[in-house]
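As you go down the protein sequences, you meet chains L and R in turn.
Under my numbering, the letters of the first sequence match residues 17 to 411, in that order.
Under my numbering, the letters of the second sequence match residues 989 to 1585, in that order.
Honestly, the hints are just simulated from the structure, not real lab data.
Just so it is clear, CB atoms sit at the ideal spot from N, CA and C, and this is done for glycine as well.
Hints may contain errors.
30 Å max Cα-Cα, derived DSS-like pairs, lysine-lysine [claimed, not checked]:
id, chain 1, residue 1, chain 2, residue 2
1, L, K348, L, K208
2, L, K364, L, K263
3, R, K1401, R, K1522
4, L, K109, R, K1134
5, R, K995, R, K1401
6, L, K263, L, K310
7, R, K1401, L, K91
8, R, K1037, R, K1136
9, L, K263, L, K225
10, L, K348, L, K42
11, R, K1197, L, K91
12, L, K225, R, K1136
13, R, K1134, L, K225
14, L, K263, L, K307
15, R, K1457, R, K1566
In silico negatives: residues of chain L with every beta carbon more than 10 Å from chain R [what the hints assert, rightly or not]:
id, residue
16, S95
17, R196
18, P268
19, I409
Covered by chain L, per the in silico footprint, the following chain R stretches (three or more residues, Cβ under 8 Å) [to be verified]:
id, stretch
20, 1074 to 1083
21, 1101 to 1108
22, 1153 to 1165
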Amino acid sequence: MRKVWVFISVIVFFSSLGTVQAADKKAVIIALDAEFSLLNSTSAQSIKLGIDTAIAEINSAGGVLNGRPLKLISKDNRSMPARGIHNIRELAKVKDLVAVFSGRFSPVVLETIPMLQQTQMINLAPWSSADGVTENSMSPNYIFRLSLKDRYAMPAMLKFAADNGANKIGLLLTNTSWGRSNLKAAERYLQKTGSPLSVGTAWYNWRDKTLMQEYQILLKAGAQAIILVANDDEGASLVSEMVSLPKDQRLPIISHWGVTGGDFIGQMKTADALDQINFSVVQTFSLFSAKQDKVADVMQTVRRISTINNVEQIDAPVGFGHAYDLTHILAKAINLAGTTERKVIRDKLEQVRDYDGIVKYFKRPFSAQNHDALILEDVFMARYHADGTIRPIKK
Amino acid sequence: MIDTILKAFQRKTSFRVAAAASLPSLVFLVLIGSFSFWQIYESTYNQVKSALEYDGYVDARRIGETFNTIDATITTLSENPTIANGLIDSAGRETYLTPLLESFSVIQNVKFDLVLTDFIGNSIAYSGNTFHIDRFSQLIAAAITKGKSVFYIKEIEDEKYLLGINVIIYSRTQTGEGALVYLVSLDEIFVSLLEGDKQKTSQIIYNIKKPVNKVMDTIDADGITHIVTPIPLLSELSELGIALDQEIKLDEMFLPLRRISLVYILGSVVCFIIIVFISLWLGRQITRPLKALENSVIDLLVNADPVPPELLQRRDEIGSLASSFDWVIGELREMNHTLENKVEERTRDLLLARDEAVNANLAKTRFLSSMSHELRTPLTAILGFGQMMELVSDEKLVKEKKKYVHEIMLAGKQLLSLIDEVLELNQIEAGKLSVSFSNVAVDELIQETLSMNRMLADTHGIDLIDQTKAAEQRPLWTDASRLKQVLNNLISNAIKYNRESGSVTLLCEQLADDKLRISVQDVGEGLHKDQFDKLFIPFERLGREAGVIEGTGIGLTITRQVVNLLGGKMDFTSEPGKGSIFWVDIPLSRQTVQGNT
């Protein structure tokens, strides 16, 4: 009789524990709205991997808000601003959704700004680099970026060009807000410094089948290097076409990191095309140059949650690293807020301190005046290697 | 029914005239005219319809071309990198996209709204008026999701539009991410097609209808003709399946022509009727005078009215006919008159003859009654005397017997001669008396006759004087015995009806006309004029019945008949108190006999 009583009370205790836990275990939702169905995309996938890795770590450490797990919802905006806006609107209806991570495309993020304002949706930007992403008219500002900024990218590329003997450069830009953001940044820098000189700006539209015309214009104008703002398909098209040029017409390409968002190498016409061109690309993070112990830890989680085994297999590493760190910072902010209310979490994001991320150590990633976690010094040039990885150019 | 009509035609000239006049008018005016009008109407109607069908064919093709051109142009535009860029680049859209869209918003002189929409169907850049396109967001979104361009015919505020949704496929995802949407007013296209022909625009309404396989031609409940021609379209547009519907109030268009035809037909029918009446009247112009003439003839015969003067005064054929009629009628009247007179004469003659016949009949009756009386008289005597002979005694018989026998013989003889004479007369009248002609010597005959009558003359105390000089006479072609009988009768009469101691003279003379006259003259009492007629009546003895002179009373009658048989004539004169002369004219020769018998 008595044994039965104990047995019953033990069961009741544990079940009540379960219910308590069940009550607390309601997930906190994070969303990722990125360009998943983009052919040859690597950016959305790497961002997702970064978020998933961080979430796995956070959840195994107990989650947020006293044991609530984080959950990721993915949406596909196909790099279309209209879709981005539509997705934000829909995501805002989801209960306990605290933030939306954006993808590669600055034009999408920029066009969602009114909707973000309207829905008081936190946008965490791990990739888009247009200045206007964080330098926007929202008040309060709901976008937080841990990524390259054109304001930094352009100077870094231009300095790199000058440092490597190219006194005259040509700007080959995409006819989007991203392209225009870069132009502004370039003009700002070029105005201040005397070198390098810009021989001109050539614009192309993203559906242009060839960039050769524009390239030729800049070449004939006397450019010694091309500052390229392009995505993977356009970049691959240019490089493939340049290979058929005589050697003396193949200028060094100093490229923005849009090309790394997709299968840049895979879209080349010939496998060794890139070997024929002096191609460098701007980056902010490399798994090869990051703190290796950190990398090892992270890789463990990566291996656990995906089929990736080693670092070389992670394409578009900047997306991975930035998203990973942003997720951790967000978790911290959520805990600081103690609620899933976005308004509060937004404020708390500006309060997060002392986060030791995989990209770098963040003393204070964001503040009320600055929503960009990275600085000019975090920017460096890299190259594609034969194994398809992007590795920093050693100075 | 047909019989009565045919008979009417035969009888009435006016009908025939009417038929002759109205038949051509019927044929030409009514039948041929109506037929021609009907043919004109039909052929014009068909021509107009064919022209419209051709127009429909041409315009359907033009519409198709316009659509195809618009579609091709917009498709090319949608492949323009600038357009696709516009899907991504909001800042750029305002600068380069709107002018670009505006430059493409007039194709083939047709202006339309052109809009670039996002994947939901909201407009991102536009030329013209997006108001209408916004209402189609769902259709646009559906098309973009399907990734296939699609077309619709939409009606907005009673105007029809072609809605084209040209889906823009994003090359980086191969999915529909936006669309170039255009709205083309069909009325504008129709106006530009019809604007060359002002008349058409007022009468034809162009519309768009659902698909048909071939050109169709129908008339709807309101009497409006619809000529439906499929519009040939290319590629994805062909799924639209539309046809050009020309709405024409063909019947209205042809109303004037129909009215004219009706007016014509009615007019020609009225004309026909008028012609019938006029020609009937014309016919009557001819037949009425004829009828009047006819009536005048009838009247004439009935009432002796003249030919109506108004007909006589006419100068045409009727007038001359009337005058002829008048003359004929005059002649007829005369003839009638003459006829009447003749008829009167004849009637008189007939009456006379009748009277004669009656008289003859009466005579016969009297004759018979007289005869029977005469027959009875001797018979009575015979019987009486015979009876007497039976009754008388034998003694007296002998003396009386002779007397009585004598009387009986006398009476018997009288009876016999009477019977003979009656028979003779009968024979003569029946034409059965035999007469045989031969050449006869006159003098011999006369002498014989005289000697025959000598005894009688002696008895009566009369002198027989022969002054005939018969020996000088030629032979007569006659019947001797009959002539003898005649002369005998005349001489015996002359003897019997003479005065005392009178004389009977025989004379003979030859007449101019080949006849011989033998006359017997007596000096008796003679006859009064009023007795002349009765002389030859049988049994009429002129008061001598009761007298002594024996005679039957039919001798002269027979004699005259015999003389007629001989081809001659007998006649007499007489003066009361002086005597009479009886003569017979006997033909001399055969020819004369034959001429007279």
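We went through each hint and held it up to the structure:
1. K348(L) to K208(L): Not satisfied, since the Cα-Cα distance of roughly 39 Å exceeds 30 Å.
2. K364(L) to K263(L): Between K364(L) and K263(L) the Cα gap is close to 55 Å, so the pair fails against 30 Å, i.e. violated.
3. K1401(R) to K1522(R): 26 Å, holds
4. K109(L) to K1134(R): The hint holds at about 27 Å.
5. K995(R) to K1401(R): 83 Å, violated
6. K263(L) to K310(L): 43 Å, violated
7. K1401(R) to K91(L): 189 Å, violated
8. K1037(R) to K1136(R): The hint is violated at about 40 Å.
9. K263(L) to K225(L): 22 Å, holds
10. K348(L) to K42(L): 18 Å, holds
11. K1197(R) to K91(L): Between K1197(R) and K91(L) the Cα gap is close to 44 Å, so the pair fails against 30 Å, i.e. violated.
12. K225(L) to K1136(R): Distance ~22 Å between K225(L) and K1136(R) Cα, so the pair holds.
13. K1134(R) to K225(L): Within the cut-off at roughly 25 Å; holds.
14. K263(L) to K307(L): Distance ~39 Å between K263(L) and K307(L) Cα, so the pair is violated.
15. K1457(R) to K1566(R): 25 Å, holds
16. S95: The claim is violated: S95(L) sits with its nearest Cβ about 6 Å from chain R, within 10 Å.
17. R196: 7 Å, violated
18. P268: Nearest chain R Cβ is 26 Å from P268(L), so the label holds.
19. I409: It holds; I409(L) is separated from chain R by about 29 Å at its closest Cβ, greater than 10 Å.
20. 1074 to 1083: holds (count 6)
21. 1101 to 1108: holds (count 3)
22. 1153 to 1165: holds (count 7)
Checked against the numbered hints above, the structure breaks hints 1, 2, 5, 6, 7, 8, 11, 14, 16, 17 and satisfies the rest.
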